[in-house]
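J.: One-letter residues, chain by chain:
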Amino acid sequence: METVELKEQLKKQIVQFLNLSVKPEDIKDNEPLFGEGLGLDSIDSIELIVLLSREYGITIQDPKEGRKVLVDINTMVDYIEKNRTK
Amino acid sequence: MGIISSIGDSVGLNRNALKSGKCGISTLGLFPSKYSGELPCGEIKTSTESLCEKFQENREGITRTSLLARHAFEEAINDAGWDKSFITSPETAFVNATTVGGMCLTDELYRDANAATNGSLYLSSYDCGSVALYLQKKFRIGGIINTINTACSSSANAIMFGARLIKSGRAKRVIAGGVDSLSKFTLNGFHALHILSPEICRPFDLQRKGLNLGEGAAFLLLEKEEDIHDRKVFAEITGYGNTNDSFHPSSLSAEGNGPYLAMREALNVSQLKPADIDFINAHGTGTENNDAAESKAMIRLFEKQPAFASTKSNIGHTLGAAGGVEAVYSILGLLHQEAYANLHFENAIEGAGLVPVTQNMPMPINHIMSNSFGFGGNCTSLIFSKA
Amino acid sequence: MLYIHHTACISPQQSFGDINIEALHESVNNQLLAMEPVYAGIPPGLLRRMGKAVKMGVGAALSLLADQPIPAGILIGTANGGMEDCIKFLNQIIEYDEGMLAPGNFVQSTANAIASQLGLLNHNHAYNITHVHRGLAFENALIDAMMLTAERPEGPYLLGAVEEISTYNFNIDFLDGWFKKTPDSNLRLYNTDSNGSLAGEGAVMFLVNGNPQSALASVKSVQFLHSDDEAEVATAFGNFLNKHADEAIDWMISGENGDQRVGHFYTRCESMLAPGTGICRFKHMCGEFSTASAIGLWLACYMIQQQKLPGHMIKKAATRGFGKMVIYNNYKRYQHSFMLIGN
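Protein chains in written order, with the working numbering: chain A, 205 to 290; chain B, 204 to 590; chain C, 214 to 556.
It should be emphasised that the hints constitute simulated quantities derived from the structure, not laboratory data. Fair warning: this is a prediction, and the values are worked out from it, not measured in the lab. Check the hints yourself; a few may be wrong.
Quick list of in silico lysine-lysine cross-link-like pairs, DSS-like style, CA-CA up to 30 Å [to be verified]:
| hint | chain 1 | residue 1 | chain 2 | residue 2 |
| --- | --- | --- | --- | --- |
| 1 | A | Lys-286 | A | Lys-227 |
| 2 | B | Lys-589 | B | Lys-370 |
| 3 | C | Lys-265 | A | Lys-227 |
| 4 | C | Lys-301 | A | Lys-211 |
| 5 | B | Lys-257 | B | Lys-225 |
| 6 | B | Lys-340 | C | Lys-394 |
| 7 | A | Lys-272 | B | Lys-412 |
| 8 | A | Lys-290 | C | Lys-301 |
| 9 | B | Lys-370 | C | Lys-456 |
| 10 | C | Lys-456 | B | Lys-375 |
| 11 | C | Lys-301 | B | Lys-237 |
| 12 | C | Lys-265 | B | Lys-341 |
| 13 | C | Lys-301 | A | Lys-216 |
| 14 | C | Lys-301 | A | Lys-227 |
| 15 | B | Lys-237 | A | Lys-290 |
| 16 | C | Lys-545 | A | Lys-216 |
| 17 | A | Lys-227 | A | Lys-290 |
| 18 | B | Lys-340 | C | Lys-456 |
| 19 | C | Lys-433 | B | Lys-427 |
| 20 | B | Lys-427 | C | Lys-265 |
| 21 | B | Lys-237 | A | Lys-268 |
| 22 | B | Lys-248 | B | Lys-222 |
| 23 | B | Lys-375 | C | Lys-433 |
| 24 | A | Lys-216 | A | Lys-286 |
| 25 | B | Lys-287 | C | Lys-456 |
| 26 | C | Lys-545 | B | Lys-375 |
| 27 | A | Lys-268 | C | Lys-301 |
| 28 | B | Lys-370 | C | Lys-433 |
| 29 | B | Lys-287 | C | Lys-545 |
| 30 | B | Lys-412 | C | Lys-301 |
| 31 | B | Lys-237 | B | Lys-257 |
| 32 | C | Lys-528 | B | Lys-340 |
| 33 | B | Lys-340 | C | Lys-545 |
| 34 | B | Lys-412 | A | Lys-268 |
| 35 | B | Lys-507 | B | Lys-476 |
Which chain A residues stay away from chain B? Per the calculated CB distances, all over 12 Å, these [as the list claims (entries may be wrong)]:
| hint | residue |
| --- | --- |
| 36 | Glu-206 |
| 37 | Val-208 |
| 38 | Val-254 |
| 39 | Lys-268 |
| 40 | Val-281 |
C-beta atoms are modelled at their ideal positions from N, C-alpha and C, and glycine is treated no differently.
Whole structure, please, built from the sequences with the hints as guidance.
T.: Below, the structure is given as C-alpha cells:
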C-alpha cells in the first residue's frame with residue numbers, strides 16, 4: 205500500500221475507533237495527536253495501541269513506549285510501514 | 204462486624220493474618236480466566252460450590268457475590284447478638300455496595316444479553332441491586348434497603364450513608380458495607396487500562412507497577428449511642444467526607460485534590476484537627492497515579508504525617524468491598540491499639556518520600572482515618588474513634 | 214422537606230425544551246425510545262465517549278445548571294447506568310478471548326459514569342453519589358437529597374435519575390418476562406390483560422434545596438418497602454396516608470404499567486384513597502424502567518405548576534385541585550414506593 209493511501213486509511217480508522225467528530229480528511233499529517241491538536245488523552249493512547257494490534261498486527265506492550273510512536277499521523281504511518289505484520 | 208477476604212473468613216482470622224503479615228495475593232487458582240497462573244489476585248480460595256453448600260443454596264440464580272456478602276452479613280449479625288426482631292424491624296436499614304453484582308457470571312451474562320438462549324437462571328441476578336435484594340429476602344430486613352456503586356469508594360459511601368440514616372432518624376440501626384467478587388469483566392477492564400501489576404502490588408513503593416484485584420465482603424452494624432445499652436461497641440464513626448476529584452474519568456489529579464478535600468471534609472465533620480489522626484488506612488492501590496496523588500494529598504493536609512499503611516498489600520484491591528473491608532481493619536487497629544504493616548515496601552516514592560509503617564507493632568490510636576478513592580474521581584474518607 | 218426549584222426531563226414524549234405532553238407519541242416495537250435533543254454544552258472530546266444513558270443524563274442536567282450556582286451535591290439514581298458500554302466491553306472479552314482490549318467501554322460502563330461526568334464538566338468537587346438499588350434507585354437518591362437539604366438547606370443539589378433501553382437490558386428483561394411477548398402499543402397499555410409492560414427510558418433532573426421560596430413543588434415524604442404481599446403493601450400505604458392525614462390528597466399518580474400480574478397492587482391502593490381523589494397514570498408515556506418513578510415526580514411538578522394534566526393520563530378525574538399528590542410506584546412486583554408531593 206502506498207504511504208499516501210495508508211495515511212488516509214489510518215485517519216479513517218482513528219476517527220471510527222475513537223468516535224471522533226472531526227472528518228478524516230481534516231486531520232493534518234503533522235498535527236499533534238495529544239495535547240494541542242487533536243486533543244487525545246491517555247485512554248485514547250491505549251485505544252490506539254489496540255487499533256495498531258487489531259489492524260496491523262503490531263504489539264506495543266508499554267503505553268509509555270507507545271507515546272513515542274503516537275506523535276502524529278506521520279510517525280504512526282512510519283512505524284506501521286516498518287513493523288506491520290498484517 | 205463481619206468479613207471474608209483472601210486472608211481469612213472471619214474478623215478474628217483476618218486480624219491474626221494481619222498481625223502475622225500474611226499476604227493473600229497469589230496467581231488465580233479457582234477462577235477461570237486466561238490470566239489464571241499469570242496475574243496475582245487476592246482470591247478467596249473457597250469455591251462458589253462450597254459456599255452454596257454451606258448456605259444450602261442450590262445455585263439457581265445465586266451469584267458468588269451474593270454468597271460472599273451473606274457470609275460476612277451473617278458473621279456481623281451473629282456477632283452482634285441482635286434479637287431476630289431487630290432485623291425484620293422497619294427501623295433496620297441495609298446499605299450494600301458492589302461494583303460487580305452478578306457480572307461475575309461473565310459468560311452467562313454474555314449469552315443472556317445477546318439473547319443467545321432462552322434465558323439462564325441468572326436473569327434477575329446481574330445488576331448491582333440483586334445482592335441486597337437477595338439478603339433482604341433471605342433475612343426479611345424490614346427497613347430502608349439500598350445499593351451504592353461509586354466504583355472503589357462504594358462501601359465507604361455505604362457506611363457514610365448508613366451513618367446519616369441514623370443521624371436523620373430514618374433508621375435506628377444499619378447494616379452497612381460492601382462486597383465484590385473476582386470477575387472476567389473487571390480483570391480484563393483493569394488489564395486493558397494497564398494498571399494491573401504483573402507482580403504482587405507494592406503500595407507507596409518507588410518500583411510499584413500497579414494494583415492486584417481482590418475479592419471480599421465486609422459489613423459493620425451501626426447504632427446510635429443511646430440505643431446500645433450494654434451491648435459491646437467497637438468504635439464510633441466520628442467523621443466522613445465525600446468529594447469528587449473532577450480531573451479525569453480514570454485517574455486522580457496530580458495534586459490529589461479529591462483525596463485532600465475528602466479528608467478535610469471528614470475532619471470538619473468530626474471536628475478533629477489533622478494532628479488528632481493517629482493512623483491512616485490508606486487507599487494505596489499500588490498504581491503509579493493513586494499512590495503519588497494520595498501522598499501529595501496527605502502532605503498537603505498533615506503538617507506532621509501520621510503513620511499510615513495500605514492493607515491492599517495483604518489482600519489486593521477489593522473494589523466495591525474495599526471501603527468496608529478496610530473499615531473493619533481500621534476498627535481492629537483501633538480496638539487492639541496496633542498497626543498493621545504495609546507489605547512489599549522498600550523505597551519511598553521520589554518527591555513525596557513518604558514511608559509507611561512496615562512492621563506490625565503496638566500503637567496508641569484514638570482516631571483512625573480510612574480512605575477510599577475511586578474511578579470517576581469519587582473520594583471518600585471515614586474517621587473512626589475510640590468508643 | 215425538599216424543595217424543587219428547576220426540572221428537566223428527556224423522555225419518549227416531548228418533555229424537554231419546548232414542552233408539549235398533551236400529544237402522545239406512540240411506542241414502536243414495544244419500546245418507548247427517548248426523544249433526544251441536540252446535546253449542547255458537552256465538549257466533543259467527552260461526548261464522543263458517552264453512551265446514551267450518560268448523554269441523556271448529562272444533557273438534561275446541563276440544561277438546568279446554566280446560570281445556576283455550582284451544585285453542592287450531585288445525586289443520581291440508576292439501576293443499570295452504562296450497561297450498554299458494559300456489554301460492549303463484555304463482547305470484546307468474548308470476541309478477543311481476553312486478549313488485547315480497548316478500555317473506553319469499560320471506563321464508561323460504571324454506573325457512576327453519569328454522576329462523575331457531571332462532576333467533571335461542572336468542575337464540581339462536592340458530594341457525588343450514585344444509587345443503584347434497582348426499582349428504588351431514584352427513591353434512595355431522593356432520601357439522600359432530603360437528608361442533605363436537612364443538613365445543609367442552601368444547596369442547591371442536583372438530583373436525578375437515568376435509564377436507557379440498551380439492546381442488552383431489553384434482552385435480559387424480555388427473557389425474564391417483564392416486557393410484552395407479542396406486539397403491543399402504549400396507546401392501549403392499560404386495556405390489555407397480558408403479562409409484562411413496554412420498555413422505556415429517560416433522564417430526569419431536579420435542582421433542589423431546603424428553601425421554600427420560589428419553589429415549584431416540595432417532596433414532603435418518601436417511603437418504600439420490599440414485599441410481594443398485597444396486604445402488607447396496603448398496610449404500608451394506609452400508614453403512609455394516615456401519617457399525612459391532615460393533608461387532603463388531590464391526585465394519586467400511579468405507576469400502573471399494563472402488567473396484569475401487578476395490577477392488583479394498584480387497584481388495592483386506589484381503593485384506599487379518599488373520595489374525590491383523582492387517579493392518573495404515566496407509564497404509557499415513558500414505558501417501564503427501574504427509575505421511572507422520577508418521571509412520576511416530574512409530572513407531579515408539571516401538574517402543580519400548570520394546574521392541569523393531559524387527558525390521556527386520567528384514569529379517574531379529581532374533584533379538587535392540584536395541591537397534594539401521592540405517587541405510588543411498583544417495580545417488578547417486589548419494590549414499592551410512596552412519595553408525597555405538595556405545592
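J.: Does each hint hold? Answer for all of them.
T.: Do the hints match the structure? See the list:
1. Distance hint between Lys-286 (chain A) and Lys-227 (chain A) is fulfilled; the C-alpha atoms sit about 27 Å from each other, no more than 30 Å.
2. Between Lys-589 (chain B) and Lys-370 (chain B) the CA atoms are separated by roughly 19 Å; this keeps the pair inside 30 Å, and the hint holds.
3. Taken as a hint, the Lys-265 (chain C) and Lys-227 (chain A) pair is honoured in the structure, with Cα atoms around 22 Å apart against an allowance of 30 Å.
4. Restraint check for Lys-301 (chain C) and Lys-211 (chain A): satisfied, since their Cα atoms lie roughly 28 Å apart, inside the 30 Å limit.
5. In summary, the hint linking Lys-257 (chain B) to Lys-225 (chain B) is supported, as the alpha carbons are separated by about 26 Å, within the 30 Å threshold.
6. Taken as a hint, the Lys-340 (chain B) and Lys-394 (chain C) pair is honoured in the structure, with Cα atoms around 28 Å apart against an allowance of 30 Å.
7. A hinted pair counts as satisfied when its Cα atoms are at most 30 Å apart, and Lys-272 (chain A) with Lys-412 (chain B) qualifies at roughly 20 Å.
8. The suggested pairing of Lys-290 (chain A) with Lys-301 (chain C) holds, with an alpha-carbon distance near 25 Å, which does not exceed 30 Å.
9. A hinted pair counts as satisfied when its Cα atoms are at most 30 Å apart, and Lys-370 (chain B) with Lys-456 (chain C) qualifies at roughly 21 Å.
10. Distance hint between Lys-456 (chain C) and Lys-375 (chain B) is fulfilled; the C-alpha atoms sit about 19 Å from each other, no more than 30 Å.
11. Between Lys-301 (chain C) and Lys-237 (chain B) the alpha-carbon distance is near 19 Å, which keeps this suggested pair within the 30 Å criterion.
12. Proposed proximity of Lys-265 (chain C) and Lys-341 (chain B) is contradicted: the alpha carbons are some 35 Å apart, above 30 Å.
13. Note on Lys-301 (chain C) and Lys-216 (chain A): the hinted pairing holds, with a Cα-Cα distance of about 21 Å set against a maximum of 30 Å.
14. At roughly 24 Å between alpha-carbon atoms, Lys-301 (chain C) and Lys-227 (chain A) fall within 30 Å of each other, so this suggested pair holds.
15. Distance restraint check for Lys-237 (chain B) and Lys-290 (chain A): the Cα-Cα separation of roughly 24 Å lies within the 30 Å cut-off, and the hinted pair is therefore satisfied.
16. A C-alpha spacing of about 45 Å is found between Lys-545 (chain C) and Lys-216 (chain A), which places the hinted pair above 30 Å, so the restraint is violated.
17. Between Lys-227 (chain A) and Lys-290 (chain A) the alpha-carbon distance is near 26 Å, which keeps this suggested pair within the 30 Å criterion.
18. Under the criterion of a C-alpha separation no larger than 30 Å, the hint pairing Lys-340 (chain B) with Lys-456 (chain C) is consistent with the structure, at around 27 Å.
19. Among the hinted pairs, Lys-433 (chain C) with Lys-427 (chain B) is consistent with the structure: their alpha-carbon atoms are about 25 Å apart, no more than 30 Å.
20. Of the supplied pair hints, the one linking Lys-427 (chain B) and Lys-265 (chain C) is violated, its CA atoms being roughly 42 Å apart against a limit of 30 Å.
21. A hinted pair counts as satisfied when its Cα atoms are at most 30 Å apart, and Lys-237 (chain B) with Lys-268 (chain A) qualifies at roughly 25 Å.
22. For a cut-off of 30 Å, the pair hint linking Lys-248 (chain B) to Lys-222 (chain B) stands: about 20 Å separates their Cα positions.
23. The straight-line distance between the Cα atoms of Lys-375 (chain B) and Lys-433 (chain C) is roughly 21 Å, inside the 30 Å bound, and the hint therefore holds.
24. Between the alpha carbons of Lys-216 (chain A) and Lys-286 (chain A) the distance comes to roughly 20 Å, so the proposed pair stays at or under 30 Å and holds.
25. Of the supplied pair hints, the one linking Lys-287 (chain B) and Lys-456 (chain C) holds, its CA atoms being roughly 27 Å apart against a limit of 30 Å.
26. A hinted pair counts as satisfied when its Cα atoms are at most 30 Å apart, and Lys-545 (chain C) with Lys-375 (chain B) qualifies at roughly 28 Å.
27. Taken as a hint, the Lys-268 (chain A) and Lys-301 (chain C) pair is honoured in the structure, with Cα atoms around 26 Å apart against an allowance of 30 Å.
28. As the CA atoms of Lys-370 (chain B) and Lys-433 (chain C) are separated by approximately 19 Å, the hinted pair is consistent with the 30 Å bound.
29. A threshold of 30 Å between alpha carbons decides the hint, and for Lys-287 (chain B) with Lys-545 (chain C) the separation of about 28 Å falls inside it, so the pair holds.
30. Distance restraint check for Lys-412 (chain B) and Lys-301 (chain C): the Cα-Cα separation of roughly 28 Å lies within the 30 Å cut-off, and the hinted pair is therefore satisfied.
31. For the hint linking Lys-237 (chain B) to Lys-257 (chain B), the alpha-carbon distance of about 29 Å falls within 30 Å, and the restraint holds.
32. Distance hint between Lys-528 (chain C) and Lys-340 (chain B) is unfulfilled; the C-alpha atoms sit about 33 Å from each other, more than 30 Å.
33. Distance restraint check for Lys-340 (chain B) and Lys-545 (chain C): the Cα-Cα separation of roughly 14 Å lies within the 30 Å cut-off, and the hinted pair is therefore satisfied.
34. In summary, the hint linking Lys-412 (chain B) to Lys-268 (chain A) is supported, as the alpha carbons are separated by about 13 Å, within the 30 Å threshold.
35. Only pairs whose Cα atoms come within 30 Å are accepted, and Lys-507 (chain B) paired with Lys-476 (chain B) is accepted, the gap being roughly 12 Å.
36. Separation of Glu-206 (chain A) from chain B is adequate, the least Cβ-Cβ distance of about 33 Å exceeding the 12 Å criterion.
37. Every Cβ of chain B is farther than 12 Å from the Cβ of Val-208 (chain A); the closest lies at roughly 32 Å, confirming the non-interface assignment.
38. At roughly 8 Å, the least C-beta separation between Val-254 (chain A) and chain B is not larger than 12 Å, which violates its mark as non-interface.
39. For Lys-268 (chain A), the non-interface assignment is contradicted: its Cβ lies about 9 Å from the closest Cβ of chain B, within the 12 Å cut-off.
40. With a least beta-carbon separation of about 24 Å from chain B, Val-281 (chain A) lies farther than 12 Å from that chain, consistent with its non-interface assignment.
Checked against the numbered hints given earlier, the structure breaks hints 12, 16, 20, 32, 38, 39 and satisfies all the rest.
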